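Novice: If you're matching them up, the sequences are chains L and W in order. One point on numbering: in numbering that gives the first Met the number 0, the residue at position 217 of the first sequence is 216, and numbering is uninterrupted. One point on numbering: in numbering that gives the first Met the number 0, the residue at position 92 of the second sequence is 91, and numbering is uninterrupted.
Heads up, some of the hints might be wrong.
Derived DSS-like pairs (lysine-lysine); straight-line CA-CA distance at most 30 Å [to be verified]: (1) W:Lys132 - W:Lys281; (2) W:Lys132 - L:Lys199; (3) W:Lys284 - W:Lys254; (4) W:Lys281 - L:Lys199; (5) W:Lys284 - L:Lys199.
Just so you know, the hints here were simulated from the structure itself, not pulled from any lab data. Note that this is a predicted model, so its numbers are computed, not measured.
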Amino acid sequence: MLLPILEEAAATVHLAHLDDLWFQITGTLCNLACRHCFISCSPHNHTFGFIPRAQVEEALAESVALGVKEYYFTGGEPFLHPDIVPLVCQALRLGPVTILTNATVLRDDWLRELAHAERESLYSLEFRVSLDGYEAERNDAVRGAGTFARTMQGVRRLLEHGFLPVITVAHVEEELSPETLYHCFVEMLRRFGYDRPRVKILPLLRLGAETQRTRGYLPQERVTAEMLADFDLDQLLCRHARVLTDRGVYVCPILLEAADARLGDDLQSGLRSFSLRYSACYTCYLHGTICANASAQRRDL
Amino acid sequence: MLRRIALFGGIYNNYLALEAALRDIRQRGVDGIYCLGDFGAFGPHPDRVFPLIWDYQVECIQGNYDQSLARDLPDCQCGYTDPRDNYFARISYEYTYQHTSPENRRWLGTLPTQRRLLLGRYRVLLCHGSPRKINEFLWESTTSTAFLQWLCATYEADVICATHTGIKWQRNLEAIQTSGRGSPLLGRTMTEACAHSKATTAKLFVNVGVLGRPENDGTPRVWYTILEADPELRVEFVPVEYDYRRLAREMRDEKLPEEFVETILTGWWTTCLEILPAKERKRGKF
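Go ahead and model the full structure; you've got the sequences and the hints to work with.
Specialist: Written out as structure tokens, the structure reads:
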């Protein structure tokens, strides 16, 4: 059955509370150029740049008064930022931190410092490592030649430093069910020596580079006001998160290229409501807050 | 006026631990006993919990499990995505649903989702997950002090007590330093904090722990909490020793999963691992 096509005005979502503060710390700059990247990150995509350290520090200070619950560092590849380690250490004094990384540029001295910072902190430091195939051939077809081996080397480093990374897998192999994919990854990681593997399967976001690899959203893949009638709005990231970039505050890390996703210059002005007029909102609608950690799950009963 | 109360959550059908805890609480003497929800799950013989709750006049609020049972929902709504966690959650929920009488399920449906008390001069808010959501996990390592302060201000409480995660913890909610190496105020005991801030009303968050299963620390003991305002706030986490071997035997007799029995016997969690944040997960064995 075809889903309803948006004809009326898009539904507006108000921020309930700023639970999650995201830092698009390296903008759209990444050492990789994955074929499914929803914001087409690459070594040459300067659409968004690195956030200066002072700007992150200012936002961290401001976040306390706003009662922020968790911090997320993403990119691009966050470990390309020259100040990523001290900034994460600083954030860990205020709350839990999650870093979304491809794990290909990790260094032992950084991980030693981060492990120490986590031990000293009340809070968890989570690493979410992107890997999209449980075999080199499958992964490298999407993420680039040699990336499987490099990422697994990064996973080993993380394990050696006492971290338990969450392996995040975009569902690029659509012919496999999420359950099958999950089991394949768990088995591969166990064989690799990760004895308590943590795996999270993510739905595809049909934006950016992914539109060239497969397809974009279909016209009927939209969120209408009617669809939100009995819907648990807390499942939407825009209900409880904002993302700081070098170009201001955006509604979420997925819609950086959307025309009206920039909500303000700073955190305060970025707290205003947002209209779900983008097809990618449909993925959040279907799958819940895909960016959140499992420990933060909450659904309406 | 209430001065000293006992609190617990997550009975998870463990009527043996509940009985041991209630006896201990009665011996210590309190002005009230409060259960923060989740009567069912995991253990055997759900209906054996209710007479104890009524005999000891425990004041109760609803947990997400109780709400699901009362509403005849198909699952516990814990929100697992890991297929293995979901498999075990389903077994646990179906067993509990089938073995909880319709009268007791209806009774669960009559419970409030929150309660407010005055403990000494402190406004105490009791909830299951968080004041804003019955099934929100507030883990020690993923809940910032700033967020807890926001909850206290928004919900007009000096003390918030919750459960749901299965692991006890407490945090004094004083001012936060946003720069420098760590905050000397974080992690202080409540007594120290009160002495430090006589002029202002202290704020506190307590996860009161659960009686239903050990807290992933390699021991079979479970926990409840004594909260006192005499006149300053004081929190005591109380370990409960009970006949866990008998519980394990009864779980096996009921053909509950061996994974659940292992947790009761060893104190290590074998299921529901996906929702654990990194720090809490690392403290466990699996």
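Novice: Give a verdict on every hint.
Specialist: Hint check results:
The straight-line distance between the Cα atoms of Lys132 (chain W) and Lys281 (chain W) is roughly 27 Å, inside the 30 Å bound, and the hint therefore holds. Distance check on the hinted pair: Lys132 (chain W) and Lys199 (chain L) sit about 24 Å apart at the alpha-carbon level, within 30 Å; holds. The hinted pair formed by Lys284 (chain W) and Lys254 (chain W) meets the criterion: a straight-line CA distance of about 24 Å does not exceed 30 Å. For the hint pairing Lys281 (chain W) with Lys199 (chain L), the CA-to-CA distance comes to about 18 Å; that is within 30 Å, so the pair holds.
A threshold of 30 Å between alpha carbons decides the hint, and for Lys284 (chain W) with Lys199 (chain L) the separation of about 21 Å falls inside it, so the pair holds.
Of the numbered hints stated above, none is contradicted by the structure.
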